[in-house]
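Student: Order-wise, the sequence lines are chains L and H.
So for the first sequence, my numbering puts the first residue at 126; every next one is plus one.
So for the second sequence, my numbering puts the first residue at 4; every next one is plus one.
It is worth saying that the hints were derived from the structure and are not from the lab.
These numbers were taken from a predicted model, which means no experiment stands behind them.
There could be a bad hint or two in this list.
[Said to hold, decoys possible] Derived EDC-like pairs: lysine to aspartate or glutamate, alpha-carbon spacing no greater than 16 Å straight-line:
hint, chain 1, residue 1, chain 2, residue 2
1, H, K166, L, E174
2, H, K168, L, D221
3, H, K167, L, D181
4, H, K168, L, E359
5, H, K166, L, E543
6, H, K168, L, D370
7, L, K511, H, D144
8, L, K511, H, E47
9, H, K133, H, D144
10, H, K167, L, E174
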Amino acid sequence: MAQTLAQKLIARACGKSEVAVGEVVTCKVDLAMMHDSGGPRRIAPMMEELRAKVWDPDKVVLITDHYLPAYDEESSRIIRITRVWAKSRGIARFHDGMGICHVVLAEQGHLRPGMFVVGGDSHSCTGGAFGTYMMGIGSTEMLGVVVTGEIWVKVPHTIMIEWSGRFADTVSAKDAMLFLCNKFGLDGGDYQAVEYTGSAVAALSMQERMTLSNMTAEIGGQVGLIAPDDTTCEFLKAAGVEEIDTATWHGDADATLAAHHRFDAGELAPQVAAPGSPANSAAVGDFAGQKVDIAYIGACTGAKLADLRMAAKVLKGRRAASHVRLMVAPASLKDQKQAEAEGTLGILVDAGAKLLPNACGVCAGYGEYRFADNEVVISSTARNFKGRMGADSSQVYLGSPYTVAASAVAGKICDPREMQV
Amino acid sequence: MPNTPSPTGKPRTWVLGDNVTTDSLAPGAYMKLEIAEIAKHCLESVLPEFAGTVAPGDFVIGTRNFGAGSSREQAPAALHHLGVAAVLANSFGGIFYRNAINLGLPVLVCAHTARIRSKDILALDPQAGKLSIVNTGEILDCEPVPLHLLAMLRDGGLLAHLKKKFVAQQVWSAG
């Protein structure tokens, strides 16, 4: 029976030669990634109740990002619990203060094609960009994985999304995902496997591919897969990964798909989502002229090195409008250092950007800083649900780093294609 | 598990719409706190009276994609903490659905939620997938809780389910 990439990845993880769509199987987990919010502070008390051990400390990755930097006693407590637990349970792969989990996990070389991975965060589908079956789960389910090394999964259908041609200059993976959010809705992925393919996807850098997989969460997919190729291989080699199998992890050409959607990347305009939902998206022109108070470049979705470079391309030699607060929270320390070394960060700072810590920050909405009543924001992050990033009356528009940067300069939502870059 | 009319006469069935988000069920600003504190703010951005008025045994009804968004387990945990008997919706966010079952909160897919009114008195059989609207006598078909999850739901969630397994092993190995 012909198998999709999702089926092949699950079959390997559950020890079968093949699996059928709809079948419920138990998979052995190759890696479990947790962060400070959903991790030790939630699972440690349950482990004590069970008197259970970590099934394999070498298969656990722990990352602090939601409550860093701590700003009060409760957030300090959460970070402290995380640090103490990592030490007491012998978690060697503990990345403390290195940046946002999905970005750090990849840059540290923890992901490889063919793996079955769970992450304690909904954007864990980011890992699918590496041909890894990576799905997000909650804390109790993570407890189950951490003490047994196993998880059940219902073998999903695959929805193939093919982008032919090439994305235009100043059009990015973020625009593609905002477009899909509107096209298919927040539940368009139906908790099935989404796979991205086509010449436009093949031409994307690894971090741009991660943005496609990342925002699969916003269309409701369980995983957002991209079959590995030379681009995957190069990224992973640079991250120190030695054995990389790019040959095995491709779906069969004749595998049955739930749907195969085809789009021309060259026709895609920059997209903006109006406040309330990423599905409120349309071409940027529909929102042009909307005044903004804040331009925010942050999160796993929108502040990786590739994203910072996009913003810098627009901001080079320009400054944010005087009434706009431009803020940049680079997704990882490594990306920030590289951005600094190559001059990208300098361009952002010269444009008036205030630099924020390498953490989830305002995107998660868990921290000290949240947007104020009626504040109007354009943000490179993934979600603009009511009340998520600030007061219920704050108005968050979503766009690509190009669009956020162009809007910062114009002081209002602006099509980045109107700025010479 | 029927709900019963509240002595205060407040509605016992809470009817919501599409894409109820985890950000509204467990607002981020309170996520650092314990569940009892988070639950006080459950749904406050969309239904400010909910957390203060909901009573044990009440039902929550959604339409499409209930529990959209983040993996925060506090979203179903807040409903569970407030005593909500079950959530029925046309569809659920995938992670929310798993989280709810893992916590022992029954969540059922029901294509007929449009038939349910906030004044209705409901009774649910999660195993059979039948929802009775007691005051009208109507019975709505739901998708039964999948077989592989029923035992866990009956145990009260994954932790209780694992506890049975682990305690049995520990007793065995000690013996």
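Student: Does each hint fit the structure? Answer for all of them.
Tutor: Do the hints match the structure? See the list:
At most 16 Å may separate the alpha-carbon atoms for a hinted pair to count; K166 of chain H and E174 of chain L meet this at roughly 8 Å. Proposed proximity of K168 of chain H and D221 of chain L is contradicted: the alpha carbons are some 34 Å apart, above 16 Å. Between K167 of chain H and D181 of chain L the CA atoms are separated by roughly 21 Å; this puts the pair beyond 16 Å, and the hint is violated. For the suggested pair K168 of chain H and E359 of chain L, the alpha carbons sit about 44 Å apart, so the restraint of at most 16 Å is broken.
With a C-alpha separation of about 61 Å, the suggested pairing of K166 of chain H with E543 of chain L is violated against the 16 Å cut-off. Proximity of K168 of chain H to D370 of chain L is assessed by CA-CA distance (about 37 Å); at most 16 Å being required, the pair is judged violated. A distance of roughly 32 Å separates the Cα atoms of K511 of chain L and D144 of chain H; the hinted pair therefore is violated under the 16 Å criterion. Between K511 of chain L and E47 of chain H the alpha-carbon distance is near 11 Å, which keeps this suggested pair within the 16 Å criterion.
Between K133 of chain H and D144 of chain H the CA atoms are separated by roughly 5 Å; this keeps the pair inside 16 Å, and the hint holds. A distance of roughly 11 Å separates the Cα atoms of K167 of chain H and E174 of chain L; the hinted pair therefore holds under the 16 Å criterion.
Hint check: violations occur at hints 2, 3, 4, 5, 6, 7; the rest are consistent with the structure.
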